[in-house]
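Starting from the known structure of chain V, fit chains S and U onto it as the hints suggest.
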Amino acid sequence: MSKQEAIREFLLAFADDEHLMGQQHTEWIGVAPFLEEDLAFSSIGQDELGHAAMLYELVLELDGIEPTDTAVDTLAFGRPSHDYRCCHLVEHETKDWAEALVRHWVYDAFEAMRWHLVAGSSMPKLAAIARKALREEVFHTRHADALLDRLLAAPEARSRLLAALDAVVPMVPGLCEGTAGEAVAVAEGAAAGPTAGLLEPLLVAIDQRFSAAGLDGRSAGSAGVGGPSAGGAANGQRGRTSRSPDFEPLMARMREVLDYDSEAVW
Amino acid sequence: MPRCWTDMDAFEAFIDGGGLVEADDGMPDAYRRAVFAFIEMHANSELMGALTERDWIPKTPGLRHKMAVLAKTQDEIGHGHLLYMIAADLGVKTRTQMLEDLFAGRSRFHNVFHYRAVTWGDQVAIAFLVDAAALISQQAVFKNCSYGPYRRILRRIITEEGFHMRLGEDRMMRIAEGTARQRSMFQESLDRWFWPALQLFGPDSVPDDELLRWRIKSERNEVLRDRWVQRFVPMLQSYGFTVPAPDLRWDTEAERWDVGPIDWGPLERTLAHGGPDSARRIADAADNWSRTAWARAALSNGSSGA
Amino acid sequence: MHVYEVFVKKDGRDEFRHVGALEAATDELALVLAREGYVRRAEGDRLWVVRRDHVVAAEDDFVTPNTDKPHRHHDGAAVADRRKAARQSQQ
Numbered sequence: 001m002s003k004q005e006a007i008r009e010f011l012l013a014f015a016d017d018e019h020l021m022g023q024q025h026t027e028w029i030g031v032a033p034f035l036e037e038d039l040a041f042s043s044i045g046q047d048e049l050g051h052a053a054m055l056y057e058l059v060l061e062l063d064g065i066e067p068t069d070t071a072v073d074t075l076a077f078g079r080p081s082h083d084y085r086c087c088h089l090v091e092h093e094t095k096d097w098a099e100a101l102v103r104h105w106v107y108d109a110f111e112a113m114r115w116h117l118v119a120g121s122s123m124p125k126l127a128a129i130a131r132k133a134l135r136e137e138v139f140h141t142r143h144a145d146a147l148l149d150r151l152l153a154a155p156e157a158r159s160r161l162l163a164a165l166d167a168v169v170p171m172v173p174g175l176c177e178g179t180a181g182e183a184v185a186v187a188e189g190a191a192a193g194p195t196a197g198l199l200e201p202l203l204v205a206i207d208q209r210f211s212a213a214g215l216d217g218r219s220a221g222s223a224g225v226g227g228p229s230a231g232g233a234a235n236g237q238r239g240r241t242s243r244s245p246d247f248e249p250l251m252a253r254m255r256e257v258l259d260y261d262s263e264a265v266w
Numbered sequence: 267m268p269r270c271w272t273d274m275d276a277f278e279a280f281i282d283g284g285g286l287v288e289a290d291d292g293m294p295d296a297y298r299r300a301v302f303a304f305i306e307m308h309a310n311s312e313l314m315g316a317l318t319e320r321d322w323i324p325k326t327p328g329l330r331h332k333m334a335v336l337a338k339t340q341d342e343i344g345h346g347h348l349l350y351m352i353a354a355d356l357g358v359k360t361r362t363q364m365l366e367d368l369f370a371g372r373s374r375f376h377n378v379f380h381y382r383a384v385t386w387g388d389q390v391a392i393a394f395l396v397d398a399a400a401l402i403s404q405q406a407v408f409k410n411c412s413y414g415p416y417r418r419i420l421r422r423i424i425t426e427e428g429f430h431m432r433l434g435e436d437r438m439m440r441i442a443e444g445t446a447r448q449r450s451m452f453q454e455s456l457d458r459w460f461w462p463a464l465q466l467f468g469p470d471s472v473p474d475d476e477l478l479r480w481r482i483k484s485e486r487n488e489v490l491r492d493r494w495v496q497r498f499v500p501m502l503q504s505y506g507f508t509v510p511a512p513d514l515r516w517d518t519e520a521e522r523w524d525v526g527p528i529d530w531g532p533l534e535r536t537l538a539h540g541g542p543d544s545a546r547r548i549a550d551a552a553d554n555w556s557r558t559a560w561a562r563a564a565l566s567n568g569s570s571g572a
Numbered sequence: 573m574h575v576y577e578v579f580v581k582k583d584g585r586d587e588f589r590h591v592g593a594l595e596a597a598t599d600e601l602a603l604v605l606a607r608e609g610y611v612r613r614a615e616g617d618r619l620w621v622v623r624r625d626h627v628v629a630a631e632d633d634f635v636t637p638n639t640d641k642p643h644r645h646h647d648g649a650a651v652a653d654r655r656k657a658a659r660q661s662q663q
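Chains as they are written, first to last, in this note's numbering: chain V, 1 to 266; chain S, 267 to 572; chain U, 573 to 663.
Looking at chain V on its own, in the form it has when it is part of the complex (with noise of 0.2 Å):
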């Protein structure tokens, strides 16, 4: 694999995973269980998608073609499943909000720790996104946190929580689960470290997260998280390759209209 294709297979990773967030998050327009909540999944939702398209830039810009949204649009929505490199977590559906909550909090804490990996990028143009995209991640990370503050002192909300928790906790190791040649984009100085780098902090993170609130010693450590069988072996993503199937129905359902008519634009 060239230097190249070992970057554009970082971005894209990164790209499909902010895509399918966002577009998971589009789902709950509308149906939060309370209206201020709506307003701000919603703008959740709409930056990872802003996120997504900025990404998709780079990686046609890699490709030599102009980045407009067509082609951005053509990559987002235009591959073979195979060539996807998103992961388990941002394909899953589920129409179960403390389960959204839960990923949108594990995701947001994982999401920051990668634009951290490569705020100091040698592509100017990825350390100039993760600057934007960090300074909307805090307050996505804050309005999990506030939410999560309140709802696992509630006792019925704390065991739909941690039932979401368990649901949410298998497809960890996915989501930290790197791209093929990985360690070349990070040599080449794309990104301070490899993804697979993030799963120990982030499960300190989550462990942190789900046991603060004193939970009948029910902690993220013994829903599976931390110990040894939390590996990425057995995520069954096989380097991002291979596709969950909730991916199928969710990527018809956003290439209905597209299918409709081939040379339409809209």
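Just so you know, these hints were derived from the structure itself, not from any lab. We put the CB at the ideal spot given by N, CA and C, even for glycine. A hint or two may mislead.
[As the list claims (entries may be wrong)] Cβ pair distances, simulated, as ranges:
(1) U:590 / V:180: 53 to 61 Å
(2) U:631 / S:274: 41 to 49 Å
(3) V:63 / S:428: 37 to 45 Å
(4) S:360 / U:586: 31 to 39 Å
(5) V:127 / U:582: 46 to 54 Å
(6) U:639 / S:470: 42 to 50 Å
(7) U:582 / S:360: 44 to 52 Å
(8) S:299 / V:66: 57 to 65 Å
(9) S:559 / U:586: 21 to 29 Å
Relative to chain V, chains S and U alone:
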């Protein structure tokens, strides 16, 4: 400083003199109920409108396009939020009561949101025709509304609706300049949405409409409806679409478009919740509301003890 | 839940202005949610949220007596008249 009026005559003299009523004023009960019902219906319509658009948002064709559409629907929910807050301050119903009445099918919302958006073209037609109809109504209320809190938030709502109008027209232009399939999809959407959008203004105002007397509204329904017709008939035609009104004619004497007789049957049915998609839309909203009850309970319970 | 009143200010311009209200369980949630509800288009760059039950409001007629204090509204008419008279007497 809160005010009181000795009787309805004194209150109406205040209104006639251009006075603005505030939430803590001792307004006549009939006025309180009328302004509350008007704002509650507006709030419900903003929320149900967002839920109508919601079906298609995840399918929006394009990444930045989706961001713009999300921002628009977010605004609609924001408008609902602003309106529910000021409606609750009138002390007739709490915000929760209003939402639960809506989801139980006990409240009214605009006729157009009893229909289903069945194609992406419908989504664009709503953003263009329906939002424009709503904007024309809101501008007329804003101009001279006697209820201060409503008038003040309408300023923000109208500003944001301006963004939505430009987004809607931009998308319609792309379709108008697009492929034959796009154009025929949009023509079918116009055929479905033109009349419901026109009916949103309601039948002609009655002569002694108290909403007009108390300056909750300041223009008659038929005047607003005509404003919309005169603006949208030529615009749709200029983009090469057919206005689905068989009796449409240009009145050379009055120099205005006449859409012919209006069948108010569909409007009456939607307002009785018998519209084509009323049952599904309300059941969906009620289901979502009940599935997230635990979060609301957790957030509100804590506050009384802590 | 508490009702919070939301105030926004553009830096360097005007006073804080009341823009609306929201419901939130905590101060932090109120701030976070006010950000999306009221300044998502950067309508201001400073933000206050105040619990409605913490607002100290004056009772009815608290201000009324002050509507009748003409001596606090010197309009300068007497000064202008004297100056005019002085100018005329010099001519």
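Taking the hints in turn, this is what the structure says about them:
no.	hint	result
1	U:590 / V:180: 53 to 61 Å	holds, 56 Å
2	U:631 / S:274: 41 to 49 Å	violated, 26 Å
3	V:63 / S:428: 37 to 45 Å	holds, 38 Å
4	S:360 / U:586: 31 to 39 Å	holds, 33 Å
5	V:127 / U:582: 46 to 54 Å	violated, 31 Å
6	U:639 / S:470: 42 to 50 Å	holds, 44 Å
7	U:582 / S:360: 44 to 52 Å	violated, 33 Å
8	S:299 / V:66: 57 to 65 Å	holds, 60 Å
9	S:559 / U:586: 21 to 29 Å	violated, 41 Å
When held up to the earlier numbered hints, the structure conflicts with 2, 5, 7 and 9 and fits the remainder.
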